[in-house]
Amino acid sequence: METQSLYTQVSDIFKQILNNDNFELQPGDKAGEIDGWDSLTHVILIDLIERKFDLKFSLGELEEMKDASDLIETISEKL
Amino acid sequence: MLFNSYTFIFAFLPLCLVSFYIVKHFFGLKGSLICLIVFSLIFYSYWSINYLFLLLASVSANYLMSSKLSERDLNPLIKRYLFIFGIAFNIFLLGIFKYYDFFIVNINLFTGTELMIRNIVLPLAISFYTLQQITFLVDSGQGSQKKSTFIDYVIFVLFFPQLIAGPIVRYGVLKKQYLKDSFIKVDINNINLGISIFSIGLFKKVFLADYFAQIASWGFSDSIELSVIQAWLVSLSYVLQLYFDFSGYSDMAIGLGIMFGFTLPINFNSPLKSSNIIDFWNKWHMTLTSFIGAYLFTPMLRASKTPTFIKSLIFTIISMTIAGLWHGPSWLFVIFGLWHGLGLAINQLYRKFNFKMNYFLGWFLTINFWTIGCVFFRSEDTQTAFNILSSMYYGQLIIPSTIVNNLSHIGLGEYYRGGSIFEGMPVDPINYILMFIGGIVIIALPYNTNFITLNFKFSRLRAILFGAVFSIAILSLGGYSEFIYFNF
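In the order they appear, the protein sequences are chains R and X. All residue numbers for the first sequence refer to the working numbering, where the first residue is 1 and numbers rise by one. All residue numbers for the second sequence refer to the working numbering, where the first residue is 80 and numbers rise by one.
Please keep in mind that the hints were generated in silico from the structure rather than gathered at the bench. Among the hints, a few may not be true.
[What the hints assert, rightly or not] Straight-line C-alpha distance at most 20 Å; calculated EDC-like pairs for lysine to aspartate or glutamate:
#1 X/Lys-362 x R/Glu-64
#2 X/Lys-254 x R/Glu-77
#3 X/Lys-435 x R/Asp-35
#4 R/Lys-78 x X/Asp-152
#5 X/Lys-225 x R/Glu-24
[Claimed, not checked] Distance ranges between label pairs, derived from CB positions:
#6 R/Asp-21 x X/Leu-444: 31 to 37 Å
#7 R/Lys-56 x X/Gly-174: 54 to 60 Å
#8 R/Lys-15 x X/Phe-106: 53 to 59 Å
#9 X/Ser-139 x R/Asn-19: 16 to 22 Å
#10 R/Asn-19 x X/Ile-113: 51 to 57 Å
#11 R/Lys-56 x X/Asp-260: 30 to 36 Å
#12 X/Phe-443 x R/Asp-21: 47 to 53 Å
#13 R/Lys-15 x X/Asp-152: 25 to 31 Å
#14 X/Lys-259 x R/Gln-4: 25 to 31 Å
#15 R/Asn-19 x X/Ile-389: 40 to 46 Å
#16 X/Ile-113 x R/Glu-2: 29 to 35 Å
[What the hints assert, rightly or not] Simulated coverage check for chain X against chain R, where a stretch passes if three residues somewhere in it have a Cβ under 8 Å from a Cβ of chain R:
#17 266-276
#18 360-370
#19 373-387
Ideal Cβ placement from N, Cα and C applies to all residues, glycine included.
Using the sequences provided together with the hints, build the complete structure.
Following this line, the structure appears as structure tokens:
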């Protein structure tokens, strides 16, 4: 799947969780730096992403995700 | 072997560096990794040859279990039991060598039994190498870690710059670096940068941390009654000691890594400038914070089926309390962890309700909060901790005796006494004031070690500057002075 398409699909999940229809995920975005993206939201996001793309992240992969581009890259590798 | 010793700086390190680059040149990557492993074993054995066998046993057992777990066609039931056994094995090793006496003392205390304690000497680095191996085991069990070669695994655990007290490194991060073509070349820039970063760390440890340690050791001894200002000076001196000691160690580890062509993860990012406790923990012992988040907090919250805000607060407190206990077998570390868990939970609460705070007020509260936590972290027993905290907030003032004589008729004698705030301190007052201000200035500088690492360019001026830092540090090298985190 193309990276841009992944960003769009993951952005939709973020919009839903953050209650922000204008939100567009950018490669450098990080948990803690975006309003509402805290440790709880992160876990909920991960659950939704896993369900949407039918994949499973390991704890190590979650730890290595430092920003949105890592998240998209990991999803891309698993698809 | 300590990084801050003549043996390490003038014998072990040069010999190891030269051997590493010669072997790399003639025998390639594999040879150079084996060379590093041999030197890492010598480095560890210098402290205790007996516990080397424990380290090797732990590494071998974990490697075998992880390798089995990473097999794709392994029976799921066997995989499940092996995974549980592997985690239990690591916790058991930690339990026996680190917490056994603590458990026995508490069982005796609560049940009235008289079970014998064993006075087990804590094996150096056991907390760190166990933690690192647990990450590998979990990743293997969850399928994201492919089977590694024994050499790759051993270098991941034993690489001496990070073996004793971190930074906690991930297998993939390290391996990715030595698989690059550029790794095989000798890069003089790496040597220059590595020596510079190592010098900064050495300076922090021997010139600053060891100096502030004198005041902290004096003030935290149980026999002294401290005034308000003395209690603050003592606890803040410990804050400075702990920061310069551990960030100094991390700088040295990162500098050493760079000399060998490795980039170890950063562990500190000016945490004492933080204006809230969440931000603080994102900048203090960063690799541990990352581990707690990924391997404690996240699985707990995910296991709860429906993650809620309240659950996230509860699991934050539990994760931090466990992390507190990880530091050592003492209720004081449990209090330290619980204290920070509560602080993080309160911080999350006020973020949830969009409560904003002025930076300076936030910073002031954060430093106060951290200092109180440090009092528990440093004290030998709870009584000492509460004595110091009580002195910090309700202690007597010390004012010059002549003023006391003039004020004696007012009748407020319980709130002050005559004397000097420096009385009894094991350091010269003027030196102490200068060092204290110097320490604060270094913390407040806009450029930290990470900035220097990322923006390093070699020049004569910088060579002179780092040469001076290194020389001051070498001249300050005194007797045997362990790093605080060597005890964890």
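Given the hint that X/Lys-254 pairs with R/Glu-77, test it: the Cα-Cα distance must not exceed 20 Å.
holds (19 Å)
25 to 31 Å was suggested as the range; check whether the CB atoms of R/Lys-15 and X/Asp-152 agree with it.
Roughly 41 Å apart at Cβ, these two residues miss the hinted range, so it is violated.
Would you say the C-beta atoms of X/Ile-113 and R/Glu-2 sit inside 29 to 35 Å of each other?
violated (43 Å)
Are there three or more residues in the segment 360-370 of chain X whose C-beta lies within less than 8 Å of some C-beta in chain R?
holds (count 3)
CB-CB spacing for R/Asp-21 and X/Phe-443 relative to the 47 to 53 Å hint
violated (39 Å)
For R/Lys-15 and X/Phe-106, compare the CB-CB distance with the range 53 to 59 Å and indicate the outcome.
holds (55 Å)
Cβ distance range 30 to 36 Å for R/Lys-56 and X/Asp-260, holds or violated
Distance hint for R/Lys-56, X/Asp-260 holds at roughly 34 Å.
With a cut-off of 20 Å on the C-alpha distance, tell me whether X/Lys-435 and R/Asp-35 pass.
Given that 20 Å is the threshold and the Cα spacing comes to 13 Å, the pair holds.
Hint consistency between R/Lys-78 and X/Asp-152 [alpha-carbon to alpha-carbon, up to 20 Å]:
holds (19 Å)
For the pair supplied as a hint, X/Lys-225 and R/Glu-24, confirm whether the alpha-carbon distance does not exceed 20 Å.
violated (34 Å)
In this structure, is the beta-carbon distance linking X/Lys-259 and R/Gln-4 contained in 25 to 31 Å?
holds (29 Å)
Given the hint of 51 to 57 Å, is the C-beta distance from R/Asn-19 to X/Ile-113 inside that range or not?
Once the Cβ atoms are compared, 55 Å apart, the range 51 to 57 Å for X/Ile-113 and R/Asn-19 holds.
Hints 5, 7, 9, 12, 13, 15, 16 and 17, counting from the list given before, are not met by this structure.
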